[in-house]
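Numbering (our numbering), first residue to last: 114 to 635.
None of these hints come from the bench; they were simulated from the model.
As the structure is a computational prediction, the values presented were derived from the model and not from experiment.
Careful, some of the hints might be misleading.
[As the list claims (entries may be wrong)] Subject to a maximum C-alpha distance of 25 Å in a straight line, what follows is the list of computed PhoX-like cross-link-like pairs (lysine-lysine):
hint : residue 1 : residue 2
1    : Lys371    : Lys440
2    : Lys451    : Lys499
3    : Lys499    : Lys429
4    : Lys322    : Lys499
5    : Lys429    : Lys374
6    : Lys349    : Lys409
7    : Lys473    : Lys440
8    : Lys306    : Lys447
9    : Lys306    : Lys578
10   : Lys447    : Lys499
11   : Lys172    : Lys116
12   : Lys429    : Lys444
13   : Lys473    : Lys451
14   : Lys596    : Lys206
15   : Lys210    : Lys596
16   : Lys578    : Lys524
17   : Lys371    : Lys349
18   : Lys409    : Lys444
19   : Lys605    : Lys578
20   : Lys440    : Lys409
21   : Lys349    : Lys295
22   : Lys349    : Lys410
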Amino acid sequence: MSKVLLINPSYFSTFGGTKVSLVSPVYPTLGLATIAATALQRGHKVEILDLSWRAYDYKLIRDVVLRYKPDIVGITATTPLMNQLRDISVMVKDISKNIMVVGGGPHPSALPEATLEESMLDAVLVGEADFTFADICDGYPLSDISGICYRDNDQIFSTPPRTPIANLDDLPMPAWHIYNIKDYYKVSRLYAKRSPSITAEFSRGCVFKCDYCASKITLALGYRKKSPERCAEEVKLMSSLGYKEFFLTDDIFTSDQKWAKNVSDAISDLNADMIWSCSNGVRVESADDDLFRSMKKAGCYRLSFGFESGNDEVLKAFGKGGRATVKQAGKAVKMARKAGIDVCGFFMVGLSADTEETMKETIEMARTLPLDMMKCSICIAFPGTKMFNDYIEKGLIRTFNWDDYMMYTAKDLFAHPNLSFEVIQRYMNKFFNRCMLYNPSFIVRRLIRGIRTGDFFWDLYYALKFYFLPTTSNENQSNYYAKERWPIYDFKNRPPKPAHYQIVRKSKPAHSSQKEQFISSS
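Let the sequences and hints guide you as you build the complete structure.
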């Protein structure tokens, strides 16, 4: 039996004290709950240290490691959290060289070799890691485990990719019970109506190829769904543990309308005291009156649509064109509001095909749609995206300091093909000013909603904070343990290889006995 400590880094500085920090997510991260479940299923002991809702504190992490004495430490990281992963890896190895330290999540999956070289990790779990992590806990030789990149003395090797899980119902229930539920009453009232809240997934993957999105790196290109019965079973479990609300993280939950309606009906039949929202950007062409009514009946109170741009040509250019048009966006909002569901809109400025004119169109679209909430971010070329690969090839990336990679950064990360970073930032400010602060229709809509729902004073509180907070920030610095001893990867002279996603196929799992050597400067 292995003793395992899983660590979720701090989100505290990720939003840099910007306006969007008012909706900073605080909930048990799903990725760690799912890999913990497979490890527990095989008889291992697992604890989770969640730093998401507090500042990065290496002393706290060190104390937990010294107390718990784990055999394995696993760390998940998006790109803005990557430097925390590096710091933790150095500290854990200082405590004991015998502790195996592994990393996973979006950033390590996108840049596995570089991640190994700029950290003290023993291995990176690439892509879907439910069973990969369990194999590591079982003690199999790393060379025999599919879907990893690992260190062997001074060389780095990769094993063949692991086939995506065909039947998601075969997975054990997520190990939500490991989290301390008392930690999740801290979520913003703008983000959640009830606390404590939690995340859930009813499906995995996406069939679309937006150039700014890296979800296929971890969840594969394709679409796999849990049965409605399994989805309802998970909601029942969350409710029994004391959670009052869940955020559905699925990329394209509403795309299979018949299945999504069956899932909603199965949740309705539970009569659980549970409300929920679609926290990812629902595609506008999947809007359907019957489906939205069923979702409302099942407790869904908010839909978040990924509008991104107010220009159809820009939508086509980055991969979301076709039926996902500006006109269809208006229809989708009307359908959701007719069903009694709040509507949140996600927008971006600085998309790969954006110009000043198209960003003006995005702002006017957001200003005129009857939205209850909206969020705008600068489009960042994150590792694992086509956008990042294109910018690497063209030499447009200006920094590989991962602390700078915030969605609301004030740092000049890359050279946009059409726009200066100063112009993109200016339009980010214009978005919040024209669409929210000085938009009478939005303000009146929030006032009416606040009175109707009893959230009026909460809205007033957050409105005042919103007004005084900056739109972008340079603040994403943590108090690190040993920054001066982090291993360095030479991104300038050794551009990382483009990440490749798995395609969901009905095939036998790949054998993993053969290892492929990568050139390493370790």
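Verification of the hints:
1. Proximity of Lys371 to Lys440 is assessed by CA-CA distance (about 24 Å); at most 25 Å being required, the pair is judged to hold.
2. For the suggested pair Lys451 and Lys499, the alpha carbons sit about 37 Å apart, so the restraint of at most 25 Å is broken.
3. Under the criterion of a C-alpha separation no larger than 25 Å, the hint pairing Lys499 with Lys429 is consistent with the structure, at around 15 Å.
4. Simply put, Lys322 and Lys499 have alpha-carbon atoms about 9 Å apart, close enough for the 25 Å limit, and the pair holds.
5. Between the alpha carbons of Lys429 and Lys374 the distance comes to roughly 29 Å, so the proposed pair goes past 25 Å and is violated.
6. Distance restraint check for Lys349 and Lys409: the Cα-Cα separation of roughly 18 Å lies within the 25 Å cut-off, and the hinted pair is therefore satisfied.
7. Of the pairs offered as hints, the one joining Lys473 and Lys440 holds, with about 17 Å between alpha carbons and a cut-off of 25 Å not exceeded.
8. Using a Cα cut-off of 25 Å, the hinted pair Lys306 and Lys447 holds, with the two alpha carbons roughly 22 Å apart.
9. Restraint check: the Cα-Cα separation between Lys306 and Lys578 comes to about 19 Å, which is no more than 25 Å; the hinted pair holds.
10. This hinted pair does not check out: Lys447 and Lys499 have alpha carbons roughly 33 Å apart, beyond 25 Å.
11. With a C-alpha separation of about 21 Å, the suggested pair Lys172 and Lys116 falls inside the 25 Å cut-off, and the hint holds.
12. Restraint check for Lys429 and Lys444: the C-alpha separation of about 19 Å stays at or below 25 Å, so the hint holds.
13. Among the hinted pairs, Lys473 with Lys451 is inconsistent with the structure: their alpha-carbon atoms are about 28 Å apart, more than 25 Å.
14. Distance restraint check for Lys596 and Lys206: the Cα-Cα separation of roughly 14 Å lies within the 25 Å cut-off, and the hinted pair is therefore satisfied.
15. Between the alpha carbons of Lys210 and Lys596 the distance comes to roughly 19 Å, so the proposed pair stays at or under 25 Å and holds.
16. For the given pair, Lys578 sits about 23 Å from Lys524 by alpha-carbon distance, which is consistent with the 25 Å threshold.
17. Straight-line distance between C-alpha atoms of Lys371 and Lys349 comes to about 22 Å, which keeps the hinted pair within the 25 Å bound.
18. For a cut-off of 25 Å, the pair hint linking Lys409 to Lys444 stands: about 18 Å separates their Cα positions.
19. Only pairs whose Cα atoms come within 25 Å are accepted, and Lys605 paired with Lys578 is rejected, the gap being roughly 40 Å.
20. Of the pairs offered as hints, the one joining Lys440 and Lys409 holds, with about 24 Å between alpha carbons and a cut-off of 25 Å not exceeded.
21. Taking the CA atoms of Lys349 and Lys295, the gap is near 19 Å; set against the 25 Å cutoff, the hint holds.
22. Annotation: proposed proximity of Lys349 to Lys410 holds, straight-line Cα distance about 16 Å (limit 25 Å).
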